[in-house]
Amino acid sequence: MKMTKMNSAFTQLLKERTQPGQFKAITADAPLVAVSAGAGTGKTWTLAWRFIWILVTGRADTNEILTLTFTEKAALEMAERIKNLLLQLAMELPSQKVFFQKAADRIDEGYISTIHSFSMRVLKECGLATELDPESGTIAPPQESLFWKEAEEALDRWDGNWFAKSSSHLWAQRIAKLFSDPLFMDSVNTFGPNATVELAKSSLALFASQGQTPKDLWQWGSDLFSRDQDAVDTARLTLFRRWEDEWHRFLQPESGIFYNLNELGGTGKLCGNVRNLITRWQQQPSKENLPHFIQSLIEGLKGASGKLANEIAFHLKEPVSQYRNRLIKEEPWITVFTQGFDEKEQAYRSCLLGFSAILWQLWDEFRRRKNRLSFDDMIRYAMEALEHSPSYAERFKEILVDEFQDTNPLQDRLIQAVRSHSQRLFIVGDLKQSIYRFRHADLSLFGSYIKKAKYGHGDYILLDTSFRSKEILVHEVNDLFSSVWKDGLGQELPLPFESLEVPHYLSTHELRQQCTVDPFLTYLEGGKEGEKIREARLRQIRRLALLFSQYYEEKRTVWDKQKECLRPVQWKDMAILVPSRTSWFPLLEKIFFEEFQLPIYFEGSTSYFSRSEIQDLIALLNFLDDPGKELYLMSFLSSPLSSLSLEEVRDLALDAPKGYRLQAFQEKWPHLARQIDDWRLMAHFLGPSAVLASFLEKSDSFLRAFPAWKRRGVAANMRKAIDMAREFEEAIGTSLPGCASYLREAMERQEKFAEPDVSNEKENVIRVMTVHGSKGLEFPVLAVLGLERTSSAGEKGSLMPSPKMGVALSRIPGERNSGQAPLAWSLSRLFEEQEEYEEWQRLFYVACTRARDSLILCGHLPWRRDGYSPGDRSWLKMLLSWNPELLPLTDEPAAKAGGPKEERERSHKYSSVPLPSSEHQYLARISATSFALFQYCPYAYRMKHRQGHELVWEQPGEYPSEGGADVGSLVHYLLSQWDFASKPLESFFPEEENWDTFTETLPGKLRAVWKRPRVPSHIYSWLLTFQQGAIVGRILKNNLTVKKEVPFRADLVNGPTMVGAIDLLWHENDMLFIRDFKITTISQVPENLYRDQLAFYALAMKKTLSVPRISLGFWHLREGTEELLSSLEREDWDQIEGEVRKMARQALSGPFKPVKGRCSFCPFKGECTWLHA
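Numbering (full-length UniProt numbering), first residue to last: 1 to 1173.
Below, in silico cross-link-like pairs of lysine to any residue (SDA-like), each with a Cα-Cα straight-line distance of 25 Å or less:
no.	residue 1	residue 2
1	K329	E835
2	K1102	T1057
3	K1103	E1129
4	K83	P94
5	K1044	V1107
6	K561	D518
7	K1078	R1014
Between beta-carbon pairs, the in silico distance windows are:
no.	residue 1	residue 2	range
8	Q491	N63	40 to 48 Å
9	V1032	R241	49 to 57 Å
10	Q1028	E991	18 to 26 Å
11	Q416	S583	38 to 46 Å
12	Q615	Q514	46 to 54 Å
Just so you know, these hints were derived from the structure itself, not from any lab.
Just so it is clear, CB atoms sit at the ideal spot from N, CA and C, and this is done for glycine as well.
Model the full structure from these sequences, guided by the hints.
As structure tokens, then:
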């Protein structure tokens, strides 16, 4: 297409505003463009610019672009972002102002919506092409609840007529046949009507999302044998390849484990078993014999113990029993490959598939008669409408789809129906962030599009530059998940893990790295013998509350994305992610709110029906419906809604015998009794919602019964209850008994129902939510709790729908419980466990990539006699597999000073405590660096250690390789590992081609530093100069014993403890040599700063070692020179100790006076508040 002048100007502006990968994606011209956008890489930004690029280049008009998002919120944000960008372009490209202004005005005409909203729009605009009533609406929850309740009751009565009365002739015949089948009756009697109906309900949700119909499900039951065989054949290839690997691992001649055992000559049972395995399986087994080989391996390793078992475990890198248990899990596959399926089990499964198909068909008919649609109906009818009205789809020239990894097969079929006229398809997503399997998302769909785009049918573009997280955090997460996904993203999706990069080219990049919150922390709570997990979790949450309080009180800094500057952290910058609400919300409330009084808000709780105010409202409706039931009366009177005190209700219960309490209530509180009668009349004539609404009108009176921080949530929950009652009335009618029953049963089932969100994003509170709830969000400071929780498919009830096996039974009716599950159940669980574990990995990735500046990973390691060990398939296992050196915390965290707020206020009000004498107040511990800085300038010490400012000379320069605290840490680590007295640098330091592999040997926090441009080469030159210098020469010449990174602790009598670590230390005759490594350029070091640090080291060694003479000096790595300090005399020691004691007292509470004569060289002069004042 020939570029116009506007296109050229726009293209230039687009290049300036986007990263190269984004620009490539935005301007891609292939019929299929698949964009893999990692966390924080700007996928929404890219999609919005793609929309504008299509308009500018004339490829399509606003109403010819179909843009699909995953949520309504995302659709609104997308439309708003596109509109704002267009208005911005109107100002920046004034020659085309009219074009961009008109495009912005027409955004509302565009098709930017969720796939369900788009489906409804299709039905309204061309729905006459289908049999659907154009006035159809979505099915209401009360209507849905009524249908399933009636179905369960009909099955309990064995009422085949209820099922047949609204069915076609064909389905009525199937119903009659099924209800006369004794196998079906056995199934219902064994599992119960509730479980059988729940199976049908779950089945239709699963299979409808895959684009199947009741007819398909019925056919599955008829063809069960062949469908089972298809599922087995699909798994066979993967399993046999893995089992072949096990043969090579153990029995490959010469290299196999069994051929390299030193303890094989013994007479024990395990020795005999291993020799038998070698004899029997010395030839690689055929594919038919692989199951027999695995079975014999399981038997051969049974009860393995002793030296031979330890030797095998050494080769396996895990205990033999643990390895064998994993093989045992695959025994169902061995059974199916060697014996096939149990025909009786298949017969029962066929019956249940047939019943699920029947109930699915009835549910479809129920909605049709009510003129109501499910979400899947919308998509199916939209496809039907597009089939009959092809011109509708032809209007779209471009299709853009966001979050494609969350698409299910039915949704993909609709997209293909629109695309049937060769429109360009642009899809954006991230396989690593697919976490909605419970909504039946199928990430293999995105995987298949990626493969098509990669292999010649489109463009595959990777967005891997993350603008979200701090550099060191990006590298830590990369390292962690490179370990988790070293073999690919999944068994059926062996695509490689794609690491994220950081935007070094941004002008603010280096400044952004200087925020002072800790970038990466792990809090692994070590359990104690006999301790319950709740106590360990409370201890861990207390640590986290202390850390958050410390960040806030010390004004640690985070990066402000909008203003592009550092600022002190606020409570709203902090968030906590939990794997489940039930286990964690109460514990967090106890510690964060009750103990520490920190502002905290719990988002997205699904415990709506467990809230006391909702149970109280339901109790009132129950009493209005059944006034003779004292239980409902007393429940209501005990609630804040009655305005009675608990003491008054207790006295009523004690004074009036059971059966007479209603009469006693009416006599004691006649006004309230008349009010209840009025409410009953109102509920019958106006509906229950009118009664509930009357409470909100006088909410001030009863809301005072709740803590202030809960009142807004209570009021929102009550409004939700009113909406639910109105929804029932609109769908069913103004029935007080019906509405009361509907809400009561939901409460008794503890049905998951989300509480309304009453938070404000600008509210200064710590937010707590699940990982699923955090998708699409990001937080400067993020803690992830519950790393110990494992991925487990768990019991899905006694009956389970399965996408691979159709349906599975936990036991076969009429058979004794042998302790062994039926084959299809075991296979379904294996399929489920693997898929759930892979999603569990992705959920961990989503959690970690929500953090911007600080990530705190928290887990519990239970105490065991053989040591701490994480649960298999837990996030903690993934973390420790990546970094086994992480150690559990076993100390008790400090309690919040003063306890809860009310206790602190009472303490201050009624008692006074005399303060200790100032002479006895001092810092308990002093480090060498803090002492040296205080000596240089107390005001600088205050800014560094009280206000959290970073020292200029500790920060990276123009290029990261030139220095910085993190580069210094890397150099010190390498020097501590390098035995320069016996090993030349060339044999320690890796060759350049091995730098990437050398990274894996470094501690996790140093890997990102090593990967920076020029860092390894700079360090090599520094170390080489050191090797050739005077220090190493002296040590080698005199064959001296050298100590490196020597920690010390020296206690001054009636004074502080001196702590630190000395880089290099050795003895010669009666002299102790202390040398300190420095990478800072000599000219940048303020006068006396490092000298006071060495003097501090010398005093500590004098106190602990009592050496007569000490030689002090520096080795300046950058310049390759040694600097010696003059020797210290007796009066020098007394003076240094006096200065340390003085500093310990003065640094506690001041004064922190500036040393004015050093201002011109002060590293803080650019930020010094005293200097600017």
